[in-house]
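Respectively, the protein sequence lines represent chains D and L.
The first sequence: position 42 = 42 (our numbering), numbered continuously.
The second sequence: position 6 = 6 (our numbering), numbered continuously.
Derived from the structure by calculation, the hints contain no laboratory data.
Each hint should be verified, as a subset may be incorrect.
Below, in silico cross-link-like pairs of lysine to aspartate or glutamate (EDC-like), each with a Cα-Cα straight-line distance of 20 Å or less [what the hints assert, rightly or not]:
#1 K107(L) with D59(D)
#2 K78(L) with E29(L)
#3 K69(D) with E79(D)
#4 K107(L) with D86(L)
#5 K107(L) with D38(D)
#6 K65(D) with E53(D)
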Amino acid sequence: EAQVTQNPRYLITVTGKKLTVTCSQNMNHEYMSWYRQDPGLGLRQIYYSMNVEVTDKGDVPEGYKVSRKEKRNFPLILESPSPNQTSLYFCASSLSRTLNTEAFFGQGTRLTVV
Amino acid sequence: AQTVTQSQPEMSVQEAETVTLSCTYDTSESDYYLFWYKQPPSRQMILVIRQEAYKQQNATENRFSVNFQKAAKSFSLKISDSQLGDAAMYFCAYRRRSGNTPLVFGKGTRLSVIA
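Please model the complete structure; the sequences and the hints are all you need to start from.
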């Protein structure tokens, strides 16, 4: 089954404690991205990756890091989480930016930073 | 920069009736894609319908159809014969066809379906 898998789905952590949210897709997609969803703001892109070892900032990259060492994985790293990073996070992938623009989304990760 | 505006934070519809959700966007591009995504309480983001800007014909997927007005930069979603399972947040999104561009989302419209 084609899917994007995020883990964990729920996470409560304390300010300053490094964490990683994993994302994996099994569709051999080139393009992957991370979004955060906040009430009244919709989804905003944090980082994206065009392919292995190619990443770039989205609209709200501050406080986040990503890596793309393998095509299937695109982890989101919060080196020192803060309460304003409490949000719902989505990973998404698509075949490429031009051939197939449908984005497949993971099930979301609800992060709470206290 | 491209922007997407959904002017209706909340809408409601009676079961079996028809409802239209509004979306406008701002772009200087001529070639792009538009989408409607549904987010039910499970939080999953589900693609409802997609429209390619170069196609004049409005996209249709079963009970879901769009009214795409390119000159007016308007992309509304019509849901016919509304069902209880249609209750969700609906997001309009835009992506330019070329270049390293993300999906740009509107802020969403919460749709309630009344039995």
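Hint compliance check: list the failing hint numbers for this structure, sorted ascending. As far as the earlier hints go, only 2 is violated by this structure.
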